[in-house]
Amino acid sequence: MKHVVKSVSCILLAVSLNSHAGLDWTTVHSRANCLNNESITWWYLHPYDWRVVSVHKHIGTGHMHSMDTGYAYTWRQHAIHWGEPMASGKWEVWGYHYLKGFHDKTPFDTTYADDCKIIDGW
Amino acid sequence: MRMKCIAALILVPVMGFSAIDDSKEERMKILAELGLPLPDSGIKLVPRSTFNLTEEEMTKGLAEEQQMKQQGFIEEPSSRATELMNFKPHSAMEFKHYKGISNHSGTHIRASIKDLKLAFKFNGIPRSLTANSKNIAIDSIGFVPQGSYHEAGWSGAVQFFEAKGVGICAYAIRNVAASHTAVEFALEDAAYFVNNKLSNIEVRGNKATGFDYKLKWYDDQNFHELECANKRYSPKINRQVIDLAQKIDLG
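Listed in order, the protein sequences are those of chains P and Y.
Residues in the first sequence are numbered consecutively from 1, following our numbering.
Residues in the second sequence are numbered consecutively from 1, following our numbering.
FYI, nobody ran anything at the bench for these hints, they're computed from the structure.
Fair warning: this is a prediction, and the values are worked out from it, not measured in the lab.
Misleading hints may appear alongside valid ones.
As the list claims (entries may be wrong) - 25 Å max Cα-Cα, derived SDA-like pairs, lysine to any residue:
| # | chain 1 | residue 1 | chain 2 | residue 2 |
| --- | --- | --- | --- | --- |
| 1 | Y | K114 | P | I118 |
| 2 | P | K117 | Y | F120 |
| 3 | Y | K24 | P | I59 |
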């Protein structure tokens with residue numbers, strides 16, 4: 001059993017080297033003005049009933065629109081607008097990360113970004 | 001001219017705040033139209049029917065509730081119990097892997113709460129807690145962030161530890177002000193066994209995987225979760241986990 005655990009830990013850590021993945025609990029993120037505008041909920045290999053609503057506001061025109069993933073049982077829930085900043089200038093992004101269970105429904109956390117900073121856990 | 005400058009100085013920030021507020025109002029409207037609970041909307045009791053659960057989810061949930069009432073746990077394999085019971089060797093590898101890395105926004109494990117930049121006050125749980133007149137030694141394993149990272153720090157934290165006689169545990173705290181979290185809790189399940197705060201406990205597992213004792217409780221400042229894993233199920237461990245939660249809650 002110990003060998004199995006050690007092997008799984010090794011695999012997870014190897015994955016984290018490549019993806020900067022958060023391994024031990026849920027983290028949430030938004031990014032703006034990269035190739036995409038996006039909001040993501042993440043806990044590697046720990047699926048829950050997640051939903052992400054990502055609201056994008058164009059800096060300049062003030063135009064706003066949203067993307068909604070709906071609820072899904074997954075360990076990586078993401079609302080991504082592919083290529084949006086490439087086509088149309090600068091944006092602000094707000095991420096609303098929801099979690100649902102049999103006992104409760106919760107806006108788990110809120111994220112905001114107006115740049116493309118990447119952090120571990122992505 | 002001077003008056004115009006003064007007027008401009010007053011108007012610019014007012015217009016700035018007005019623009020931010022307009023955007024927030026519109027964003028909240030989007031969430032409300034989707035039927036979602038709003039951030040910062042507090043702790044609410046609502047009928048479970050408002051969750052729009054599928055028939056399959058309802059059937060499964062009610063069957064699990066029945067098992068909790070009858071035998072104190074939901075009988076199913078719990079990979080989480082196995083994972084928690086083996087967290088010590090996993091953490092040793094993670095410490096080695098991230099040795100020397102100290103970026104605040106990193107999600108890696110830290111040995112001390114001082115190394116985790118948080119947007120709220122959390123000092124970790126005390127080294128020993130007294131429950132049922134017995135001293136429970138707390139052997140801290142490490143700290144990881146949860147939630148979102150902002151300039152002020154993370155919106156939540158998790159402490160992994162061994163509670164002698166109880167098991168390997170994780171205490172997760174999410175700050176309401178930093179995360180803007182809120183909850184709609186099923187009216188049918190409302191209980192208040194952690195210092196009269198809205199609380200819920202579920203135990204999942206079997207003899208092969210071990211058991212995961214998972215307890216949640218809520219207050220206006222923070223939302224809390226305590227998980228403890230043990231090879232076996234017993235009502236005594238169940239009580240100990242609740243006692244632990246009560247003591248952690250009191251700080």
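Structure-based check of all given hints:
{"no.": "1", "hint": "K114/Y - I118/P", "in the structure": "holds, 23 Å"}
{"no.": "2", "hint": "K117/P - F120/Y", "in the structure": "holds, 22 Å"}
{"no.": "3", "hint": "K24/Y - I59/P", "in the structure": "holds, 15 Å"}
This entry satisfies every hint, going by the numbered hints stated previously.
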